[in-house]
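We have chain A already, so just place chain B on it with the hints.
So the chains spell out like this:
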Amino acid sequence: MRGFSTIIASAILFIAAAVAAYIFVSGAMGSLSNLQGAMIEREKLISSRLQSVIDIDACSYNNATNIASFYVTNRGTYPLNASMTKIFINGILFNSTIDFIQKIYNDPAWNRYETIRVSVTLPSGVYQVRVVSSVGSYDEKIAYITNTSCSVS
Amino acid sequence: MRGDLSQIFGAITGFILIIVVILIFSYITSYNVQNFDKILEKNYEFYEKRSLELVDFLNNSTNISNPLIIIKNIGKVSLDPSCFSLYIEGNKINFTYQINEVYHDNLLNPSENAALYFSYPNTGWKKVVLISCNGKRFETLIYFYS
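As they're listed, the protein sequences go chains A and B. Quick note: the first sequence uses this note's numbering, first residue 1, plus one each step. Quick note: the second sequence uses this note's numbering, first residue 1001, plus one each step.
Here chain B stands alone, though its shape is the one from the complex:
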């Protein structure tokens, strides 16, 4: 009788201990996994959008007195030129822009054109790099003439 009771108490205690430990471990791991899930989902959306961006350069020459670059959104997502980066021969160039809007939302939507206006005093063939808000690179060569 005493042996039976001891065995029962021992079994109950061991069972409770195992359950408690399992609960603690599952709490710790689920707390961290939930946070990572949200971040990974945002990262996936970021890279998915980046892969759908595509821009075409419509002019391959421009006058240095009023230089401009005309681009067309030929991708599948809207672009926001306000956070574009423009580099000419490796130098970051400030610019203003005007979108030839079909749909009036201040975004460069698919099939819409935009003109980028800036200052650049040097002539000749120059390497132009345009980088979107999500970091997608578009490169071309443009001839600056006087």
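Isolated chain A, as found in the complex:
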């Protein structure tokens, strides 16, 4: 009888341990699948950023209107949303107008090798210019603006 009660006690203990393990794993799986979902989304964001390359190619300056135009080309494999491009002059976000200078494909996306013009109002001077794309990739150059010219390096 004592042996029998020992077996029952052990079985109960085993079942209790198995149930506790099941509860823990199912709860953990829920959190872990959420964590995996978040990591997959983060991975997509980082992948798009790594595959995206934009270059500030050149700039021109209209002395009459004080408008500096920066020509930015998408040289990555990831199509971008040109309207969400941002320009920072000396670290400050500026309002800008954006239009396509060169389109290769007949669609609204900013595709590879296509060039946009980002125009801002600036007096002549030397500026740190950073253009940031819709996925966070960016290029940064120093712009030298005089009354007659604009150069980037």
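There are no misleading hints in this set.
Keeping only pairs whose Cα atoms sit at most 27 Å apart, straight-line, the calculated DSSO-like set for lysine-lysine is:
id : chain 1 : residue 1 : chain 2 : residue 2
1  : B       : K1092     : A       : K141
2  : B       : K1042     : A       : K103
3  : A       : K141      : B       : K1126
4  : B       : K1038     : B       : K1049
5  : A       : K141      : B       : K1127
6  : B       : K1092     : A       : K86
Taking beta-carbon pairs under 8 Å as the criterion, some of the chain A residues facing chain B (in silico):
id : residue
7  : L13
8  : F14
9  : A18
10 : A21
11 : F24
12 : V25
13 : S47
14 : D55
15 : D57
16 : A58
17 : S60
18 : T73
19 : R75
20 : Q102
21 : T115
22 : C150
It is worth saying that the hints were derived from the structure and are not from the lab. All C-beta atoms in this analysis are idealised placements derived from N, C-alpha and C, irrespective of residue type, glycine included.
Only chain B this time, still in chain A's reference frame:
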């Protein structure tokens, strides 16, 4: 006896739990790392190619009636002029090109020359920027005369 069995069951359960958690974490992290490896490898190839590109400008003056720029590939990789960007005084200029090919593959191979043809009406010294498909910049000054 009962105590021994309990200890054994507890140990087995704990062992199984630890293994399961480790497997889940390793699955999550390996899934993301594999994708990043491929992308980083492509990025490395992109920047490695860019560092091997080099172009020389062979003419420093041209007539505005039929302006042209002659370039020579003095780098270590072939270039594709079809996706070059040409800027004169900061303005993007459309151009056509002709490669003086030694090896006939429509690419500007190392040691080959090419002529870029375009329209530009202004005279004087102008800053010319040529940018390759991979974003490598080549700059020079060219005198446009009438």
